[in-house]
Amino acid sequence: MKGEMARDVERLVLALDVNGERTELLLPVHKTLLEVLREDMRLTGTKHGCELGECGTCTVLVDGAPQLSCLVLPVQIEGRRVTTIEGMANGSVLHPLQQAFVELGAAQCGYCTPGILLAARSLLDGRPRPTREEIGEALAGNLCRCTGYAKILDAVELAAERMA
Amino acid sequence: MTEPNGFAVVGKPLPRVDSVAKVTGRSVYADDMLPARTLHCKILRSPHPHARILAVDTSAARRMPGVLAVITGADLPIKFGILPVTQDERALEHEKVRYVGDPIAAVAATEEEIAAAACDAIAVEYEVLEPVMSIESALAEPKDERIQDYGGPNNIHKLVALEFGDVDGGFARAEHVREDVFFFQGNTHLPMEQHSALATYVDGKLTLWSSTQVVHYVHRALAKVLEMPMSRIRVIGAAHGGGFGGKTDPFAHEIIVSKLAIGTGRPVKCTLTREEVFYAHRGRHPVLMWVRTGVSGEGKILAMHFRTALDGGAYGSYGVASTFYTGALQTVTYDIPAYRFEGCRVFTNKPPCGPKRGHGTPQPRFALELHLDKIAHELGLQGVELKQRNFIRPMTRTVNWLRVTSCGLEECTERVMTASGYMKRERRAGHGMGFAISSYLSGAGTAIYWNDMPHSEVQIKVDRGGVTAYCGAMDIGQGSDSVLATIVAEELGLQPADIRLVTADTDTTPIDLGSYSSRVTFMAGNAALEAARKMRALLVEAVAAKTSKDPETIRVGDGRMGEVSFEEASVLAEARFGTLTTAGSYTPPKLAGPYKGSGVGPSPAYSYSACVVDLDADARSGLVKVNKVWIAHDVGRAINPLLVEGQVEGSVYMGLGEALMEEQAFRKGLHKWPSMLEYKSPTFVDMPEVQTFLVETVDPEGPYGAKEAGQGPLLPVPPAVCAAVHDALGIWIDEVPATPEKVVEALRRKAKGEPPRYGPSRFPTIPFPDPIKAEPPAHGQL
Amino acid sequence: MLRLPRLKYLRPRSAREAAAMAAELGPRAMFVAGGTDLFPKLKRRQFEIDTLIGLGFLGHGIRAGAAECHIDAGATLAAMSGDVRLTAGFAGYAEAAGLVSSPPLRNAGTVGGNLCVDTRCNYYDMTYEWRKAAGFCLKKDGDICLVAPSSPRCWAVSSSDTAPMAMALDGVVTLAGPDGDRELPVAALYRDDGIDYMAKQPSEVVTRIRLHAPPGTSSAYVKLRRRGSIDFPIAGAAVAIQLDGNVVSRCRIVLSAVASHPLEATAAEEFLTGKKADEDAIGETADIAAKPAKPLDNADLSHFWRKRMVRVVVEQALRRAATAEGGSRVNLSV
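Sequence lines, in order, name chains A, B and C. Letter 89 of the first sequence, counting from 1, is numbered 89 in the working numbering, and no numbers are missing. Letter 6 of the second sequence, counting from 1, is numbered 6 in the working numbering, and no numbers are missing. Letter 251 of the third sequence, counting from 1, is numbered 251 in the working numbering, and no numbers are missing.
Incorrect hints may appear among the rest.
Claimed, not checked - Derived lysine-lysine pairs resembling DSS-like cross-links, with alpha carbons at most 25 Å apart:
#	chain 1	residue 1	chain 2	residue 2
1	B	Lys628	B	Lys424
2	B	Lys668	C	Lys200
3	B	Lys773	B	Lys300
4	C	Lys8	C	Lys41
5	B	Lys534	B	Lys549
6	C	Lys294	C	Lys276
7	B	Lys12	B	Lys596
8	C	Lys41	C	Lys200
9	C	Lys307	B	Lys668
10	B	Lys773	B	Lys590
11	B	Lys752	C	Lys200
12	C	Lys307	B	Lys750
13	C	Lys132	B	Lys668
14	C	Lys294	C	Lys307
15	B	Lys625	C	Lys307
16	B	Lys224	B	Lys205
17	B	Lys424	B	Lys625
18	B	Lys672	C	Lys307
19	B	Lys461	B	Lys534
20	B	Lys143	B	Lys668
21	C	Lys200	B	Lys672
22	B	Lys534	B	Lys546
23	B	Lys143	B	Lys672
24	C	Lys41	B	Lys672
25	C	Lys275	B	Lys668
26	B	Lys224	B	Lys79
27	C	Lys200	C	Lys307
28	B	Lys461	B	Lys625
29	C	Lys276	C	Lys291
30	B	Lys461	B	Lys546
31	C	Lys291	C	Lys307
32	B	Lys596	B	Lys773
33	C	Lys294	B	Lys672
I should point out that these hints are in silico values taken from the structure, not numbers from a laboratory. The structure presented is a predicted model; accordingly, all values stated were derived computationally and were not measured.
Could you build all of it, start to finish, from the sequences and the hints given here?
In structure tokens form, the structure reads like this:
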């Protein structure tokens with residue numbers, strides 16, 4: 001740990017495509033995507049629960065696939081599309097998954113919800129009518145302590161039905 | 001439209017009032033806030049489980065560029081604690097540290113990484129003391145010195161002994177007496193959100209936003225430690241990322257950021273790391289239990305003697321209450337005519353334990369349910385048969401003076417028995433089913449500090465058709481805001497989405513004691529009901545006067561009041577009465593029995609649950625796979641069935657985690673695995689199907705008959721799992737978590753002809769005082 | 001929030017260039033591909049470096065033939081898990097890739113990265129503050145092994161799911177060094193040491209892996225972990241067998257998470273070769289395979305139980321390979 005702070009911070013100008021909006025930012029290269037989204041872009045819908053890749057809370061989509069923003073450097077994904085929870089609804093019209101989560105009570109404290117919604121969206125984009133088992137497998141990297149997962153599974157099924 | 005149940009919105013599965021904010025990422029949690037010029041705070045914590053602090057040198061940290069303030073225990077010497085009897089914590093310790101993770105110093109810096117580096121640059125000189133890491137060693141004479149300077153002998157924190165009715169006589173008359181020993185390992189809440197707090201200090205006023213379940217108690221602690229009047233402190237509950245009891249104490253970091261904000265004049269934020277959340281803890285106490293019960297030939301309980309030993313960790317926290325709770329609610333499910341309880345809490349050099357979902361009652365529930373199963377087996381009965389013979393009846397006083405009103409035990413049992421086919425279960429190798437019941441409080445009947453004031457208060461303001469309800473209650477994800485909105489909407493003929501809510505803000509909302517002990521629906525709900533009914537009366541009176549109608553005939557509903565719209569009604573009422581505000585409050589009835597220690601256990605109503613677990617257990621590997629859980633919960637009335645189901649399913653989830661894998665374990669004085677990876681919380685693919693039944697007994701005192709739902713349904717799950725393992729393999733796992741290695745070991749013992757069980761062999765000798773003997777209430781007294 | 005230390009990030013365009021950078025910078029620098037193993041360890045200050053060398057140039061293709069399959073090291077584990085070309089003899093590899101950690105990590109984690117995954121120990125995979133409190137260990141900053149204090153070596157556990165499978169499929173990696181490429185059998189890639197667990201030069205980049213599965217091969221991977229997702233293996237068995245009629249003509253059994261390197265159960269392989277893969281033979285093979293496994297008390301659950309379970313995972317993997325049930329993910333979660 002000693003001596004780290006004596007090192008210069010390397011900063012890069014990076015162009016990030018987040019929710020379809022291109023932003024150029026001057027960023028310390030060692031800041032993770034999670035930190036950049038929350039602190040530099042103030043997109044605080046992306047939450048964090050461990051910052052070590054163990055809980056799934058900070059899930060965002062990179063080119064449509066779920067990745068943990070705590071384990072990604074912006075420099076690694078320059079030019080790729082990042083989607084956060086702020087980019088999920090179409091204006092003020094909720095994505096069918098969001099709508100189903102609202103209707104079925106799939107969010108309790110709501111802290112794991114953004115990550116789970118994005119992981120579910122990626123699943124449905126690739127596999128429109130998944131089985132309940134496939135939904136569970138796809139979301140198995142996202143922990144939730146409130147719901148016992150049942151209402152989340154129900155909501156993803158309902159959204160899939162409506163989107164079909 | 002009014003539904004057949006007589007309600008327009010109560011009982012409907014409506015969306016939560018804050019759900020769109022939650023699914024779009026717009027709920028603002030404490031760590032999401034970042035006002036301009038915010039400083040970041042990191043806390044230096046003890047690397048030793050037990051040590052005297054000889055010197056703290058912060059000079060190197062203070063010199064680091066970007067560091068604006070460094071504080072130590074000398075800056076915050078006043079002690080605090082959630083219970084008035086155990087004010088034993090300091091925000092920063094400068095004399096002695098009592099667990100790995102105990103806070104010592106704090107830094108405010110312009111960047112979090114600078115604050116962390118500055119903490120690392122603080123030099124602390126310690127005199128290391130022998131740590132005490134188990135109940136057994138806490139009971140023995142300390143090698144160096146006691147952990148705390150109160151309590152005793154040795155590292156005993158609290159001893160409790162109570163006796164109700166003729167216990168010795170009951171055992172003498174019993175045809176069958178059995179003793180068992182059980183252990184419930186400690187575990188933690190693991191909220192997805194790490195605790196976070198942000199403080200500002202402007203115009204001589206301190207404001208703290210925090211991820212807390214109890215804004216009021218944080219308010220009190222800040223006033224005490226900072227020596228400021230409460231009127232100059234404002235505590236606001238930020239959007240809440242999960243509590244389960246883990247954010248129910250005032251915490252060091254909340255006090256520290258406040259002190260640093262006052263000192264620097266800038267906003268200061270502290271968000272705990274996941275590891276620090278494990279140290280903040282206040283989770284489930286590890287409890288060793290001994291129980292002896294005497295029954296008649298038919299299996300009627302004649303007497304019970306229950307002993308508990310709680311591993312409390314380093315500080316008091318809620319521990320005195322937890323200790324009483326390990327003995328309080330046994331009588332609320334079973335008719336026990338004579339009962340002796342002896343409880344002991346010890347201090348150890350671990351993060352302090354406190355309240356976790358079910359506070360002090362899941363452990364004895366685990367022991368009691370399995371103990372009764374064992375008695376039933378000896379009598380040639382099914383566990384469920386013996387339990388049913390002893391079920392408490394509605395409208396009774398228990399031997400320890402707890403007042404039971406509505407009670408849906410019979411119906412809950414019937415529902416899960418029928419749905420699961422328990423009695424006709426298939427017999428195949430490794431397959432088993434287990435049954436257990438439980439009960440929990442709908443709010444503690446007494447406040448944490450003695451006072452005669454209401455436990456919850458609600459104000460309603462109506463202004464040109466807009467309705468705002470104000471209440472100190474904190475929505476921690478359980479949906480308390482939605483419950484309040486539903487009650488107000490029901491009374492005013494509106495939809496929950498029409499109600500604006502201002503909650504959990506000590507400046508703007510009247511008090512609610514907080515989201516703990518499953519009290520909010522019952523207490524804040526009753527307060528909201530009173531306030532809403534008063535508001536309705538004002539509006540109806542104004543409409544009646546204007547339209548020359550009898551107020552009794554004015555129909556309220558669908559956004560209308562008689563012939564006028566709600567908005568017109570509000571204009572008429574404001575013109576007639578001036579500012580439209582009403583208030584309601586709730587004070588629980590005085591229910592405590594006539595004995596010292598009777599304050600823990602009474603509640604205005606008890607929820608009831610029954611559960612059946614179906615699993616397969618592999619004799620070779622010890623692996624257990626839960627196939628399905630059936631759970632029925634007597635919630636009195638479901639104000640929103642969607643939310644109640646969510647609470648029940650979440651409780652089952654947490655109960656399964658505790659039963660099978662969750663464990664707050666220590667090794668060499670340290671938390672063994674303070675991480676989300678190694679502390680095992682079940683994932684999507686580990687969770688079985690859960691079938692939930694809501695039973696409505698319509699409690700006479702709950703709002704519309706409602707009772708609690710957030711905690712009780714956890715309780716029957718661990719014993720039902722272990723009962724099912726016994727059903728499957730013929731072995732008793734008398735200790736949770738029931739890991740595969742324990743299953744394998746029990747099977748090995750069985751094969752060798754030893755007692756076919758895994759669990760503690762004995763209960764230690766504890767110097768319990770002579771019990772306080774309390775006369776039971778007169779027969780038939782309510 | 002746990003954060004990374006201050007780092008420089010280099011973006012070479014080829015493996016040769018990356019290797020040259022690594023050779024020049026020495027232990028100050030590390031390669032990063034998916035980052036799923038590296039970033040947590042950097043945040044916990046288990047690795048103290050000042051430069052990352054990005055491997056974004058690595059290919060992610062796959063070329064599958066009848067008996068040989070070439071996979072670029074930059075391919076993600078998620079892609080491997082779902083790749084329809086990894087069938088028949090290669091199915092066990094797809095299975096192992098699909099059992100690594102959790103879905104979002106598999107979307108980032110790579111084939112090459114999982115081969116190089118650091119050895120693990122629950123005295124070591126902890127934050128800087130925790131390790132400071134516990135006392136630093138041999139593997140980082142300390143001078144004793146906290147699991148086996150009297151031992152002169154580090155007992156951290158090989159925790160890759162795909163490495164044992166790659167060994168069972170006689171994998172060969174291509175390593176790009178500053179001076180050129182070379183090939184190395186996966187079996188020769190590891191050392192039985194918790195610290196120096198890789199036999200490649202630190203400056204060499206794994207660019208490709210070649211797996212072998214002659215016709216008639218079937219493979220399976222069985223992973224034991226506490227939960228059905230997220231967790232590292234606490235025991236695992238990768239098997240590849242070639243059947244001649246019902247007789248096993250070739251047999252590979254490699255264990256995960258029971259030693260500091262993927263552990264080849266050679267005695268068991270020899271035992272089963274030439275025998276009919278019936279229940280008795282499988283049981284006996286599993287017994288033999290479990291013997292060399294020596295789990296220690298530095299991973300989840302007790303080591304004596306994990307030891308007992310080695311036999312179970314080997315038996316399950318063999319049974320599945322023998323009955324050609326490979327391809328469906330088997331996950332023994334507690």
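Now for the hints, and whether the structure bears them out:
1. Lys628(B) x Lys424(B): holds, 16 Å
2. Lys668(B) x Lys200(C): violated, 36 Å
3. Lys773(B) x Lys300(B): holds, 23 Å
4. Lys8(C) x Lys41(C): holds, 17 Å
5. Lys534(B) x Lys549(B): At roughly 19 Å apart (the allowed maximum being 25 Å), Lys549(B) and Lys534(B) satisfy the hint.
6. Lys294(C) x Lys276(C): With a Cα-Cα distance of about 28 Å, the restraint between Lys294(C) and Lys276(C) is violated, given a limit of 25 Å.
7. Lys12(B) x Lys596(B): This hinted pair is violated, its Cα atoms lying about 43 Å apart.
8. Lys41(C) x Lys200(C): holds, 20 Å
9. Lys307(C) x Lys668(B): holds, 24 Å
10. Lys773(B) x Lys590(B): Cα-Cα ~21 Å, so holds.
11. Lys752(B) x Lys200(C): violated, 50 Å
12. Lys307(C) x Lys750(B): holds, 21 Å
13. Lys132(C) x Lys668(B): Status holds; Cα separation ~13 Å.
14. Lys294(C) x Lys307(C): holds, 7 Å
15. Lys625(B) x Lys307(C): holds, 21 Å
16. Lys224(B) x Lys205(B): It holds: about 15 Å lies between the C-alpha atoms, which stays within 25 Å.
17. Lys424(B) x Lys625(B): holds, 20 Å
18. Lys672(B) x Lys307(C): Cα-Cα ~21 Å, so holds.
19. Lys461(B) x Lys534(B): Holds: Lys461(B) and Lys534(B) sit about 11 Å apart, inside 25 Å.
20. Lys143(B) x Lys668(B): It holds: about 16 Å lies between the C-alpha atoms, which stays within 25 Å.
21. Lys200(C) x Lys672(B): violated, 33 Å
22. Lys534(B) x Lys546(B): Since the Cα atoms of Lys534(B) and Lys546(B) sit roughly 19 Å apart, the hinted pair holds (cutoff 25 Å).
23. Lys143(B) x Lys672(B): holds, 23 Å
24. Lys41(C) x Lys672(B): Holds. Lys41(C) to Lys672(B) sits at ~18 Å (cutoff 25 Å).
25. Lys275(C) x Lys668(B): Outside the cut-off at roughly 49 Å; violated.
26. Lys224(B) x Lys79(B): holds, 8 Å
27. Lys200(C) x Lys307(C): violated, 29 Å
28. Lys461(B) x Lys625(B): violated, 53 Å
29. Lys276(C) x Lys291(C): The hint holds at about 22 Å.
30. Lys461(B) x Lys546(B): Holds - the C-alpha atoms of Lys546(B) and Lys461(B) are around 21 Å apart, at most 25 Å.
31. Lys291(C) x Lys307(C): holds, 9 Å
32. Lys596(B) x Lys773(B): Judged against 25 Å, a Cα distance of about 10 Å means the pair holds.
33. Lys294(C) x Lys672(B): holds, 21 Å
The structure does not agree with the numbered hints 2, 6, 7, 11, 21, 25, 27, 28 stated previously, though it agrees with the rest.
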